[in-house]
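J.: What follows is each chain in one-letter form.
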Amino acid sequence: MTVQPEALKSSGQNSKMRSKKVDSPWRSAFRRLLKNKFAITAFIVLIFMFLFSFVGPYFSPYKDAKISVRDQYKPPSAEHWLGTDQLGRDVVLRLMEAGQISLLVGLAATGIIVLIGVTVGLLAGFYGGWIDTILMRFADIMYAIPTLPLLITFGAILSDLKFPPDQRIYLIMFVIGVISWMGLSRLVRSQILSLKEQEFMLATEALGLSDRRKIFSHLLPNVVPIIIVSGTLGVAGAILLESSLSFLGLGVIPPTPSWGQMLSSANNMIDFAKRPWLWIPPGVAILITVVSINVIGDGLRDALDPKMKR
Amino acid sequence: MSQKALVEFKDLHTEFYTEAGVVKAVSGVSFQIRPGETVCVVGESGSGKSVTALSLMRLLANNAKIVKGEIIFDGRDVLKLKPHEMRRLRGNEIGMIFQEPMTSLNPVLTVGEQIMEPIIEHRMFSKREARKYAIELIEMVGIPRAHEIVDAYPHELSGGMRQRIMIAIALSCEPKLIIADEPTTALDVTIQAQILDLLRKLKSEKNVALMLITHDLGVVAEMADYVVVMYGGRVVEEGKVMEVFKNPRHPYTEGLLKAKPIIGERKERLYTIPGQVPSPLNLPLYCHFADRCPYVMPVCKEQYPDTFIDADGHKVACWLHAEGARA
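Here the protein sequences come in this chain order: A and E. My numbering applies: residue 1 is where the first sequence begins, and numbers increase by one. My numbering applies: residue 311 is where the second sequence begins, and numbers increase by one.
The shape of chain A in the complex, shown without the other chains (with noise of 0.2 Å):
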């Protein structure tokens, strides 16, 4: 009887191999994630709301930015099922362009998040010492500026040198992960100041290894559930602050549709009061978005700690 197990090990190297993969510290996390259905759910809602941005076009009958002022402000029915704007567009698939573009900003805006604040955590915490100060004090000073002052005087200037409206959106993009990445640097370089003191971290001293060893195939790897979860959550974060930016008509301006853009219907009475099919929809679609965003975020974080792990 207690021949048989050993048999089935090495008999089966393959499927062998294929089930201890599944004991991956990455692979454990993804089970524990499946467990989640908040999280799971958050994430079938999160799909869809991309989906709806990014294929709705394709069955909406019609046209992109069609303007037609016949139709103008028509409430809605079941030929424009979120009615028609200022313009005469169709709501609905003014929503979905719209959404295009919100999604875009927060994920690009959180990829470069991502790559200044990793990279400044990582280093300034890898090398301490003066590059330490340095950055560390850079990313206080960078915390110190005002946000809404700068982004204000940022769309000002943009709007006095006639920016074309359809690239504003990159620099937007930029923008707001240029003066969102500290909060993730101080995460990653605590991280890997308690990381440095770390037996393991000693070996690999003892082992010669390069700092670019040391670095990417050591430190990185272990930062990552952090990078991860904040990385998610930032997402979140960079859609929020694109909605205000443009609701304020300092992010992206028209032709070029927004979440918050289309929002800022709301900011006239009349709009406010009588045309709620102009405001109720981007509002509802930002609020499902950032909600099952952090809704994933936490069951990120749940999965990916350490502590939870048997």
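Just so you know, these hints were derived from the structure itself, not from any lab. There's no promise every hint is true.
Taking lysine to any residue and the SDA-like style, the derived pairs with C-alpha atoms no more than 25 Å apart in a straight line are [said to hold, decoys possible]:
no.: 1; chain 1: E; residue 1: K568; chain 2: E; residue 2: L508
no.: 2; chain 1: A; residue 1: K214; chain 2: E; residue 2: I619
no.: 3; chain 1: E; residue 1: K390; chain 2: A; residue 2: S210
no.: 4; chain 1: A; residue 1: K214; chain 2: E; residue 2: L370
no.: 5; chain 1: A; residue 1: K214; chain 2: E; residue 2: R368
no.: 6; chain 1: E; residue 1: K437; chain 2: A; residue 2: I131
no.: 7; chain 1: A; residue 1: K214; chain 2: E; residue 2: A503
no.: 8; chain 1: A; residue 1: K214; chain 2: E; residue 2: L391
no.: 9; chain 1: E; residue 1: K375; chain 2: A; residue 2: I131
no.: 10; chain 1: A; residue 1: K196; chain 2: E; residue 2: K568
Model, not experiment: these values are computed from the prediction.
Chain E: place on chain A using the hints.
T.: Coordinates of chain E only, in the frame set by chain A:
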């Protein structure tokens, strides 16, 4: 005896600068390790044995400084090497095995990746060659199913297996010297014996020298060719293992041997050396052991003893062995 030394510590002084003051962790340690030889460094906690090894690797904490002395490794003064030369030495010519196999492996990398790293780094192997070699190494350290273990994560392995992996990593670049800092302390007794057997077998196959740091005289008896006994940051006695065990010359070594349990002999209480290890903060200028020594003489509290060598090369730092001391 005439063979050239692989490692030679010459009057090494290492100090730690702490808030409470300067700690002289190692003061004036000199001994040699010849190629292929096993040298055990014995002493209790705080005697400076680990610091001596870390000084050789230059892996001391930031507040530590080697203030005096030389460490010659294979004809080069290690303390004068530039950082990149030092990096070539570590892992490549000197392998190191740590005490805690549980924490010395990175939890997020497979053991295969961790064995491959130094080979790729120092030997410029391609990834595929390195992987093949890693599997061979895992087999060599006596772990079955090496093809599967190579993709396992450290948390899937037992302490003994992890320590075997550490040995595989230490041996991967075929170093000339392996430093093992209490490699069996964290393991249970049966595993300890296996690990020691493995070390001994691999050592003779690969003809590497082994610097084994331990406080366990059983380990010393089993493994060592040569013993260095440290106390209070200094070498108090050194000699061939048989010599030291049969004929301990320093009262401290004598005490250590007496304190060792003997199988088959039941005693009410094991012998203990009276008194305590002196605080490393302000060690006396005279013999550090004088306050606990049963044979203490007036001279012992005046001056640190010179080192006396007998005909067999058995060295001892104790006034008892000065010309005509023991009347």
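J.: For a C-alpha distance cap of 25 Å, please report whether K568 of chain E and L508 of chain E respect it.
T.: 29 Å, violated
J.: Going straight from one Cα to the other, do K214 of chain A and L370 of chain E come out at no more than 25 Å?
T.: Measuring from Cα to Cα gives roughly 18 Å; hence the hint holds.
J.: Do the alpha carbons of K214 of chain A and L391 of chain E lie within 25 Å of each other, as the hint requires?
T.: Given pair K214 of chain A, L391 of chain E holds - Cα atoms ~21 Å apart, limit 25 Å.
J.: Do the alpha carbons of K214 of chain A and I619 of chain E lie within 25 Å of each other, as the hint requires?
T.: The given pair, whose Cα atoms are some 46 Å apart, is violated under the 25 Å limit.
J.: For the pair supplied as a hint, K196 of chain A and K568 of chain E, is the alpha-carbon distance within the 25 Å limit?
T.: At roughly 41 Å apart (the allowed maximum being 25 Å), K568 of chain E and K196 of chain A break the hint.
J.: Check the hint pairing K375 of chain E with I131 of chain A against an upper bound of 25 Å on the C-alpha distance.
T.: With Cα atoms ~23 Å apart, K375 of chain E and I131 of chain A stay inside 25 Å; holds.
J.: Between K437 of chain E and I131 of chain A, does the CA-CA distance stay at or below 25 Å?
T.: Given pair K437 of chain E, I131 of chain A is violated - Cα atoms ~33 Å apart, limit 25 Å.
J.: For the pair we were handed, K390 of chain E and S210 of chain A, check the Cα-Cα distance against 25 Å.
T.: 20 Å, holds
J.: Would the hint linking K214 of chain A and R368 of chain E be met if the CA-CA limit is 25 Å?
T.: Since the Cα atoms of K214 of chain A and R368 of chain E sit roughly 17 Å apart, the hinted pair holds (cutoff 25 Å).
J.: Between K214 of chain A and A503 of chain E, does the CA-CA distance stay at or below 25 Å?
T.: 33 Å, violated
When held up to the earlier numbered hints, the structure conflicts with 1, 2, 6, 7, 10 and fits the remainder.
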